[in-house]
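The whole structure should be built from the sequences, with the hints applied where relevant.
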Amino acid sequence: MPAARSRFRGFTLIELLVVIAIIAILIGLLLPAVQKVREAAARMSCTNKLKQLALACHNYENANGKLPPAGKGYGWCSSTAGGTGDTNILNMSGWVLVLPYIEQNALYAKVNLNAPFGDQNTGYCCSYAGNANGTLSGSSSSSGNAAVVATPVSTFVCPSDNGPRTESAGGAYGTGVANGQLSNYDFITSQSDSGLGANGCNYWLKSATTSTRYMFGENSNTKFTDVTDGTSNTFMLGEQTVLTSNGESNPWGYRGWVMTGVDPAPGINVWYTPSGGTPQVGNLNSWGQAGSLHTGGCNFAMGDGSIRFVKASTSTTTLSQTARMSDGSVPTLD
Amino acid sequence: MNRLFGAGLLVGLLAVLGCGGSKDEGGLVPVAGNIKVDGETAPNAVVKYIPQGNTGGHGGTGTTDSTGRYEITSPYGKKGLPPGQYKVTISRRLNPDGSPPGPNEMPIESNARETLPVKYADQEKTELKVDLSADDKRSFDFDLKVKKK
Chain A
-10 MPAARSRFRG FTLIELLVVI AIIAILIGLL LPAVQKVREA AARMSCTNKL KQLALACHNY
50 ENANGKLPPA GKGYGWCSST AGGTGDTNIL NMSGWVLVLP YIEQNALYAK VNLNAPFGDQ
110 NTGYCCSYAG NANGTLSGSS SSSGNAAVVA TPVSTFVCPS DNGPRTESAG GAYGTGVANG
170 QLSNYDFITS QSDSGLGANG CNYWLKSATT STRYMFGENS NTKFTDVTDG TSNTFMLGEQ
230 TVLTSNGESN PWGYRGWVMT GVDPAPGINV WYTPSGGTPQ VGNLNSWGQA GSLHTGGCNF
290 AMGDGSIRFV KASTSTTTLS QTARMSDGSV PTLD
Chain B
25 MNRLFGAGLL VGLLAVLGCG GSKDEGGLVP VAGNIKVDGE TAPNAVVKYI PQGNTGGHGG
85 TGTTDSTGRY EITSPYGKKG LPPGQYKVTI SRRLNPDGSP PGPNEMPIES NARETLPVKY
145 ADQEKTELKV DLSADDKRSF DFDLKVKKK
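Keeping their order, the protein sequence lines are chains A and B.
Be aware that the first sequence starts at -10, since it is given in the numbering used here, and climbs by one per residue.
Be aware that the second sequence starts at 25, since it is given in the numbering used here, and climbs by one per residue.
A few of these clues could be false.
Result set (DSS-like, lysine-lysine): computed pairs, CA atoms no more than 30 Å apart in a straight line [as the list claims (entries may be wrong)]: (1) B:K169 / B:K143; (2) A:K25 / B:K102; (3) B:K103 / B:K171; (4) B:K103 / A:K300; (5) A:K212 / A:K55; (6) B:K102 / A:K300; (7) B:K153 / B:K172; (8) B:K103 / B:K169; (9) B:K72 / A:K195; (10) B:K149 / A:K195; (11) A:K300 / B:K171; (12) B:K171 / B:K149; (13) B:K102 / A:K195; (14) A:K99 / A:K55; (15) B:K72 / B:K143; (16) B:K103 / B:K172; (17) B:K72 / A:K300; (18) B:K60 / A:K195; (19) B:K111 / A:K300; (20) B:K172 / B:K60; (21) B:K103 / A:K195.
Which stretches of chain A does chain B cover? Using the computed rule of at least three CB atoms under 8 Å from a CB of chain B, they are [to be verified]: (22) 110 to 121; (23) 303 to 313.
Don't read these hints as lab results, they were simulated from the structure.
Don't be surprised by glycine CBs; every beta carbon is placed ideally from N, CA and C.
Laid out in C-alpha cells, this is it:
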C-alpha cells in the first residue's frame, strides 16, 4: 500500500515551477524565430512585387517601343510662359500607363489620360512660381482620375513597410480632392527632375546629358538600346518607404510637389534625424530617396528585370554611376 | 536551491538571446573648418562634401555654428570622411527677412532662399574642391567672395 500511495503523490511546487520555466524558455526561443520568418516572407513578397513591376515595364517597352515616362505634365516645377514646362498640366505618374500590364485593366478603363491626376499648378509656396507655361484643363475630381489614384493597388505595397499609406488630399502634395495611395516602388529618376531652378521643368528631356541621364524622368522615352552601360548594370526601379521627412513619398498614380521618383545617389536608408535626436528608422531624410525597412539596404530592379539587394554601405559614387544609364562607367555592386 | 538555479538559467538564456553586433568602418579622417563670407564669419551655412571619382563613403554635411565653424558628419551619423577627392558646396539659406530657418524646418517647404552664388552653392557648378589624405590635419577653411567689385 505505501508503494502504491507514493505512485499517486502528485507534483511538488518545485517540480511545477521547473516545468513552467522550461516551457517559458522554449517559447522565448521560438518567438524571435517566428518574427524572423515573418520578415523573411514579407521581404520575399516585397521582392516579388518589384519583379512584377520590372516585367510590366519590359512588356510595356515591347508593346510601345519605349519605356513609360516617370510622369507627364508636372504643374509644380519651374517654368516661364514659353519655357520648358508642358502646356497641358496633368501631374500624371507613369505607373498609370503600366496598369494594363499588372492586371489592372478595370482601373485603367476608368482613367482619362488627357485630364489632370492632381491639381497642383504652382510651386509649394513663396517664390516657387510653378509651371507658368501650362494650364490645367479640368480637374482631377471632374475627370474621375483622383478617385482612381486613391485606389489601393497591392502591387505597389511592400508588406515590410507598415507606415501610413495615404497622402493628405489637399495642399501641394495632394490630388486636390482625394487621398492618393502611396507606393513602395518608383522609377529611378534624378532629384534634378524636380525642376526647381529657372525653367527646370522637363530636366530629363531638356537639360540632362548622356553622362547624367537616368532611365526615367518627366516625359522620358528611354528604349533599352539607350542604356549603353548595359541593362544589367543600370538601376531601373527602386524601393522607398511611405514616410518622408523633407517632402513626401511618391504615390503610385500622380505627381505632386517634388514627387519625382527614386534617386539612389544621396545614399540608401538615410533616415531623418531631428537636431539632437536619434535617427527615425523608416522616415526617409528627404524626398526622392531610396530606402526600405529590410535590414541593411534596399531592393532595386535592374534594367534587365533582375532584382538586386543593394547594401546601404555602398558608396554614393557607385550608386550614382549605376543610376546613370550612359555615362560610360560600369561600377561593381557588391 | 533548485528554484534559484532555474531562475538563473532563465535569465542567462534571455541575456544570450538579446545580443547583436554592429560593424564599424575604420579609416575616417576628421574634417572641420571655418567659413567666412567676404571676410566675416558665416553662421548657419551648410557645408557639403560630395565624393568624386572612386572615393568611397557617402560624403557628409556640417552646419556652421555662431563662430562660423563646421564639422562634417556622414548621412549615417559618423564623424569624418574616408580619404579621397571631394567637391564641396556651401549653401546659406535665409528667410526673406534675413533670419535663418529653424533647426527642424523642412527645406523644401521653407521660405528660405539661397544667398550664396551658384559657384559655391550648386552641386554641378561649384568651384570648391578638397583632396583629403589619410593623415590630413588641416582646417578646411573657405573664405567666399560674394560682393561684386
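Right, here's what the structure says about each hint:
1. With a C-alpha separation of about 10 Å, the suggested pairing of K169 (chain B) with K143 (chain B) holds against the 30 Å cut-off.
2. Between K25 (chain A) and K102 (chain B), the direct Cα distance comes to roughly 28 Å. Compliance with the 30 Å bound is thereby established for this hinted pair.
3. Distance restraint check for K103 (chain B) and K171 (chain B): the Cα-Cα separation of roughly 33 Å exceeds the 30 Å cut-off, and the hinted pair is therefore not satisfied.
4. This hinted pair checks out: K103 (chain B) and K300 (chain A) have alpha carbons roughly 20 Å apart, not beyond 30 Å.
5. Between the alpha carbons of K212 (chain A) and K55 (chain A) the distance comes to roughly 5 Å, so the proposed pair stays at or under 30 Å and holds.
6. Pair hint K102 (chain B) plus K300 (chain A) holds up; C-alpha atoms about 17 Å apart against a cutoff of 30 Å.
7. Between K153 (chain B) and K172 (chain B), the direct Cα distance comes to roughly 22 Å. Compliance with the 30 Å bound is thereby established for this hinted pair.
8. A threshold of 30 Å between alpha carbons decides the hint, and for K103 (chain B) with K169 (chain B) the separation of about 28 Å falls inside it, so the pair holds.
9. Proposed proximity of K72 (chain B) and K195 (chain A) is supported: the alpha carbons are some 27 Å apart, at most 30 Å.
10. With a CA separation close to 18 Å, the supplied pair K149 (chain B) and K195 (chain A) stays within the 30 Å bound.
11. Straight-line distance between C-alpha atoms of K300 (chain A) and K171 (chain B) comes to about 44 Å, which puts the hinted pair past the 30 Å bound.
12. With a CA separation close to 18 Å, the supplied pair K171 (chain B) and K149 (chain B) stays within the 30 Å bound.
13. For the hint pairing K102 (chain B) with K195 (chain A), the CA-to-CA distance comes to about 38 Å; that exceeds 30 Å, so the pair is violated.
14. The straight-line distance between the Cα atoms of K99 (chain A) and K55 (chain A) is roughly 24 Å, inside the 30 Å bound, and the hint therefore holds.
15. With a CA separation close to 14 Å, the supplied pair K72 (chain B) and K143 (chain B) stays within the 30 Å bound.
16. Between K103 (chain B) and K172 (chain B), the direct Cα distance comes to roughly 36 Å. Violation of the 30 Å bound is thereby established for this hinted pair.
17. Using a Cα cut-off of 30 Å, the hinted pair K72 (chain B) and K300 (chain A) holds, with the two alpha carbons roughly 23 Å apart.
18. For a cut-off of 30 Å, the pair hint linking K60 (chain B) to K195 (chain A) is broken: about 36 Å separates their Cα positions.
19. Annotation: proposed proximity of K111 (chain B) to K300 (chain A) holds, straight-line Cα distance about 24 Å (limit 30 Å).
20. For the hint pairing K172 (chain B) with K60 (chain B), the CA-to-CA distance comes to about 16 Å; that is within 30 Å, so the pair holds.
21. Annotation: proposed proximity of K103 (chain B) to K195 (chain A) is violated, straight-line Cα distance about 39 Å (limit 30 Å).
22. Look at the stretch 110 to 121 of chain A against chain B: 4 of its residues bring a Cβ nearer than 8 Å to a Cβ of that chain, three or more, so the hint holds.
23. Evaluation of the coverage hint for the stretch 303 to 313 of chain A: fulfilled, as 3 residues show C-beta separations to chain B shorter than 8 Å, against a requirement of three.
Violated hints, listed in ascending order, are 3, 11, 13, 16, 18, 21; each of the other numbered hints is respected by the structure.
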